[in-house]
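For reference, the chains in residue letters:
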Amino acid sequence: MTKPLNNRAWFFVLPVFAIVAFSAILPIMTVVNYSVQDTFGNNQFFWNGIGWFQELLDPSSQLGEQFLSSLMRTLLFSAIILLIEVPLGIAVALSMPREGWTVALCLVLMALPLLIPWNVVGTIWQVFARGDIGLLGWVVNRLGIDYNYTGDPIDAWVTIIVMDVWHWTSLVALLCYAGLKSIPDAYYQAARIDGASRWAVFRTIQLPKMRRVLLIAVLLRFMDSFMIYTEPFVLTGGGPGNATTFLSIDLVKLALGQFDLGKAAAMSLVYNLIILAICWVFYTVMTNVDAERERIEA
Amino acid sequence: MARITLDHLAHAYKANPRNAEDYALKEINHVWSQGGAYALLGPSGCGKTTLLNIISGLVRPTRGRVLFDELDVTDLSTESRNIAQVFQFPVVYDTMTVRENLAFPLKNRNVPRDRTARRVEEIASLLDLTRVLDRKASNLTADMKQKISLGRGLVRPDVAAILFDEPLTVIDPHLKWQLRSTLKEIHRALDITMIYVTHDQTEALTFADKVVVMHDGAVVQTGTPEELFERPAHTFVGHFIGSPGMNILPCRVEGSTAFVGNTMISLRRVYRTLSDGEHIELGIRPEFVRLQPKGAGLPVQVRRIDDIGRARIARVEMNGRSLAASVPDGISIEGREASLVLDPKHVHIYANGHLVAGEANGGQTS
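If you're matching them up, the sequences are chains A and B in order.
The opening position of the first sequence corresponds to residue 1 in the numbering used here, with each subsequent residue numbered one higher.
The opening position of the second sequence corresponds to residue 1 in the numbering used here, with each subsequent residue numbered one higher.
Treat the hints with caution; some may be incorrect.
Said to hold, decoys possible - Straight-line Cα separation of at most 25 Å, DSS-like style, residue types lysine-lysine; simulated pairs:
1) Lys184(B) - Lys210(B)
2) Lys345(B) - Lys210(B)
3) Lys176(B) - Lys210(B)
4) Lys107(B) - Lys136(B)
5) Lys181(A) - Lys136(B)
6) Lys176(B) - Lys136(B)
7) Lys209(A) - Lys107(B)
8) Lys14(B) - Lys26(B)
9) Lys210(B) - Lys26(B)
10) Lys136(B) - Lys209(A)
11) Lys14(B) - Lys181(A)
12) Lys209(A) - Lys181(A)
These are calculated hints, taken from the structure and not from any lab test.
Chain A on its own, in the form it takes in the complex (with noise of 0.2 Å):
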């Protein structure tokens, strides 16, 4: 006997692919149609094959050595956001409280800074800041402190990551907390009567216990941060100068700003290559560790 076919499926496959391929595989693809072009304008198109991505990857050239700027001013923003967001929402997740009304009142404090659209954030921090009439600037410079993130760098970066650790930390702090919930009492009883101290507590019970979403915290702020645009573009417009143009900066500066759609279409290429090599290295990882406690358990 044979199964009787059924062609209905296709109906309910079909318009899920159309949408993906509007969606998803068209725009790439105009984007490695525009990758391998040139143009100049009066949308007239000239084959260029891989010139842009071989003047992209050369340091030595004016645009690869743009690139190769933005890049690294990319992750060493990600870097930096990682190393505070992460400790210091594993601190704010612990120091939250367990039990009783308070723990509502936190929650909806901490998803606050969530839910704030991501130019209004800018907005914010723009009016926040400045030395004239923003609240913040106002004071750090009436404490004695020359702040000017319009004018100084340093002032510019320290601006943005403030900004997004304000932004972004609960997040942080929300995933954690949430692992430390699924902790049962009884390993905080057995801590106790073992004479564990708190460090310890932290070291041998809390940590092991947050590593799962830990990692999911670490992945989602890695990709946020190297993908960050809104915030800086409002906040600073990737000034003074180049000094926080990052890659997502520049790259809407190349398209939008100076129409090279050839350039750009080749850098957001190589941009989403980097993305999901990262995310695919993040993924393995996650994966492998999982598959290798699984081994040992069997």
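Given chain A, put chain B in place with the hints provided.
Then chain B, alone, in the frame of chain A:
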């Protein structure tokens, strides 16, 4: 090594307890003697875990004191009492090996490394953990993990008592027996007071020398397994222990005769002190009620007979009350009509749930 005394102990989780209802643990006075194997038996929510946590110091009692020998430890923290506790779910430190897990309590107390190593080896061989000492604790089975939790308690040489909070809940049935006999062996080998909380009567009766039965926040009886079986001090003990539990029938008692409905049952003892307001019940275990073919004895209707392996138990009806009775070997019952023979030695009278002693009948002792 210590005797543990509970002195007028009571605990309420509410802030301002007013009446008895507010207390999770009603006033209790009890002495756990050094080296005893105790079981704390009762249904879920009867306060046994609360009592255990008070002894280990995880919960501070609302009233009363806890003494270890003569020392008042009520206000001492858990880590400064010499107490070990094994929890319902095995607690192991995931990142550590079995060896590191066992050494952890000693490491925290700054015991020299060579002494720690020796002690860990000793305990590991006692618990049969030697061959997994260098494996990660997180990858072991539940019963192994529970042994590690136990080992972390035993590894401290000065430990006064080990408390078990339903430690076999997550263990496979065939390993339960094994682990329980390991516990008994350790108890014999180390002379440590063990208090074992459980709601499983088999566990309690096989593990303990003395069983403390709790009900609704209070201790209803303390005794050896035999005492609990033969002379339950409370109807709760009667029907909670034993399977099936004790038959409990409302009755009226006049002198040495009990009336269950219209049925007369003669008693071994005389009960003169019973007052009218009390709720009087008669209790007898199914093991002491024999089912006979219709004839002499109390007439009953047989509903069904269950074969529970080592015995046959009949479910019968007497004046509309259902009872369990044992069916002696070699007896077969035809039809629904049959008779019951009660062993008068094991008929107990309860007033408001509590056992009434009664007086010996005409100088005879039972």
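Those earlier numbered hints the structure runs against, lowest number first: none
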